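Take these sequences, add in the hints, and give me the full structure.
Protein chains: 2
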Amino acid sequence: MAEFNKVVIFGVGLIGGSFALGLRAAGAVEEVVGFGRSPKSLQQALDLGVIDRAGINPAHELSDADLVLLATPVGQMPEIMARIVPYLGPETVVTDGGSTKGDVVAAARAAFGERIGQFVPAHPIAGAENSGAAAARADLYRERKVVLTPLPENSVLNVAKVRSAWEWCGAQIYELTPAEHDRVFAAVSHLPHLLSFALVHDLAVRENKELFFTFAASGFRDFTRIAASHPEMWRDICLANKDALLLELDSYRAQLDELHQALAAGDGRRLEEIFDTARTARRDWAEGKR
Amino acid sequence: MAEFNKVVIFGVGLIGGSFALGLRAAGAVEEVVGFGRSPKSLQQALDLGVIDRAGINPAHELSDADLVLLATPVGQMPEIMARIVPYLGPETVVTDGGSTKGDVVAAARAAFGERIGQFVPAHPIAGAENSGAAAARADLYRERKVVLTPLPENSVLNVAKVRSAWEWCGAQIYELTPAEHDRVFAAVSHLPHLLSFALVHDLAVRENKELFFTFAASGFRDFTRIAASHPEMWRDICLANKDALLLELDSYRAQLDELHQALAAGDGRRLEEIFDTARTARRDWAEGKR
Chain B
30 MAEFNKVVIF GVGLIGGSFA LGLRAAGAVE EVVGFGRSPK SLQQALDLGV IDRAGINPAH
90 ELSDADLVLL ATPVGQMPEI MARIVPYLGP ETVVTDGGST KGDVVAAARA AFGERIGQFV
150 PAHPIAGAEN SGAAAARADL YRERKVVLTP LPENSVLNVA KVRSAWEWCG AQIYELTPAE
210 HDRVFAAVSH LPHLLSFALV HDLAVRENKE LFFTFAASGF RDFTRIAASH PEMWRDICLA
270 NKDALLLELD SYRAQLDELH QALAAGDGRR LEEIFDTART ARRDWAEGKR
Chain G
30 MAEFNKVVIF GVGLIGGSFA LGLRAAGAVE EVVGFGRSPK SLQQALDLGV IDRAGINPAH
90 ELSDADLVLL ATPVGQMPEI MARIVPYLGP ETVVTDGGST KGDVVAAARA AFGERIGQFV
150 PAHPIAGAEN SGAAAARADL YRERKVVLTP LPENSVLNVA KVRSAWEWCG AQIYELTPAE
210 HDRVFAAVSH LPHLLSFALV HDLAVRENKE LFFTFAASGF RDFTRIAASH PEMWRDICLA
270 NKDALLLELD SYRAQLDELH QALAAGDGRR LEEIFDTART ARRDWAEGKR
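One line per chain: the protein sequences are B and G, in this order. My numbering puts the first residue of the first sequence at 30, with every later residue one more than the last. My numbering puts the first residue of the second sequence at 30, with every later residue one more than the last.
Hints were generated in silico from the structure; no laboratory data involved. Predicted model only: the values in this text are computed from it and were never measured. One or more hints might be untrue.
Copies of one chain are not kept apart here, so a pair can be met inside one copy or by any two copies together.
When the alpha-carbon atoms are kept at most 25 Å apart in a straight line, the in silico DSS-like pairs for lysine-lysine are as follows [unchecked claim]: (1) Lys-174 to Lys-190; (2) Lys-271 to Lys-174; (3) Lys-238 to Lys-271; (4) Lys-174 to Lys-238; (5) Lys-35 to Lys-190; (6) Lys-69 to Lys-35.
Here you go:
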């Protein structure tokens, strides 16, 4: 008997599809039901064996579901939450895969009301270059990090259920508060994306941009890889995490001001100090990753 | 009979060593003589067949040299130039591999005086993670770009000689003025390095830095790869190209101010516009590279 009798997934793309495949590969789920806005994606998820059935009416699928994953863009979550809450069984736990947490929690509080204890927010750290059900892989989360941001209203049992599902997928589980989560990801993910977009944009609007791009090499390539990310998705992430991102952007601008000052003054010692501290930290980080 | 009878290289590390190996592999040089500050590096270059001989006294090696490459850090070039100019033969052409050009040209004008026509500045765009003679490869410059920044005093013949040497190494040759070169590389190389160092430094000095580094993932990894670059070398590059780099830094700070404003105002349309322009330009660039 599998740990989860029935798992319902909203959004059968890379994130939701890989969650389904991971649970299935581990033998941790009996039945996976998928919902999605696009019939084509649902059909693809069926054809690829990502889901067992495409759901038709949430009202018929949720009362006996053990676990519901919201794996749609964050912007669609408030509407889906409002649609599903009335039909959740008393034991059903809902989680999400959104990359910002403060806004998702606010939407969940509005939609779940007194049932907010049934919603355990989460963020799987598994970006990938491809998207869609066809890109889903059973091992996407293997040895990847998943951050749970439990709410005070969550029971230990409900948090354990979500933790267990991600562990079946092979993930390493961490817990942060939603605010900690958003501050951390503003710094290590959202800000770098903003900075990378900014650099390429600054060049792209120049009349003689070809001259610049002609000589861009491997350093530029690495630095700007994330500037090829999806504009709409990153607009939404930036807006959703606006407050934390503005704080990080302010901190970074102060850092650039200091570098500007050191450079203008020809203060090589300070420049080298900053570069050296950065290199040491970057190396320590990279070695810890291995 | 090879095109170059004798090539003299100052600095037998990755840049100078690969130049020597490239010319030798192409059969374009009879004899390569190496000079270096470290006897150990010279011995290594000899053992690896990068050079034929280690030079002892520049006074004895330069009058019959066809080509001299200065492949040391830029900071050492003024001293080397002053030492070699008195001994150059009338046909000897000197070039360099420095990654900034305005400062190298200024040093060359001071050292070469009326013989400045014999100095043809160049910048091979071939960064690599490793350094030293042991990292040298005959194919390092194959299909890589080399920028010549000829001076008005250079004869067509002297420029052609330097161009030909790099072509033997398999490189694609471009020509810019020294000022154009420095502006372009400030934008596509020096600024990204500064920005990447700045991001890591901003995190590295926080008391709770471990929390941040724990959740840094692939986007952070790519963005900060160049923050593992050599601090002393990058201090020198930044100082050498200070004026152009400050201009680029100002332009970038203005770009960040605009993003800050759009974000603070919740102007999703402007954010998406900027991200979209950047993504399109990044994609076009990456496709052009293929």
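Here is what the structure says about each hint:
1. Lys-174 to Lys-190: within (17 Å within a copy, 56 Å between copies)
2. Lys-271 to Lys-174: Within one copy, since 23 Å is at most 25 Å while 41 Å is not.
3. Lys-238 to Lys-271: between (30 Å within a copy, 21 Å between copies)
4. Lys-174 to Lys-238: between (39 Å within a copy, 18 Å between copies)
5. Lys-35 to Lys-190: Within. Shortest intra-copy distance 13 Å satisfies the 25 Å Cα cut-off; inter-copy 74 Å does not.
6. Lys-69 to Lys-35: within (23 Å within a copy, 68 Å between copies)
This entry satisfies every hint, going by the numbered hints stated previously.
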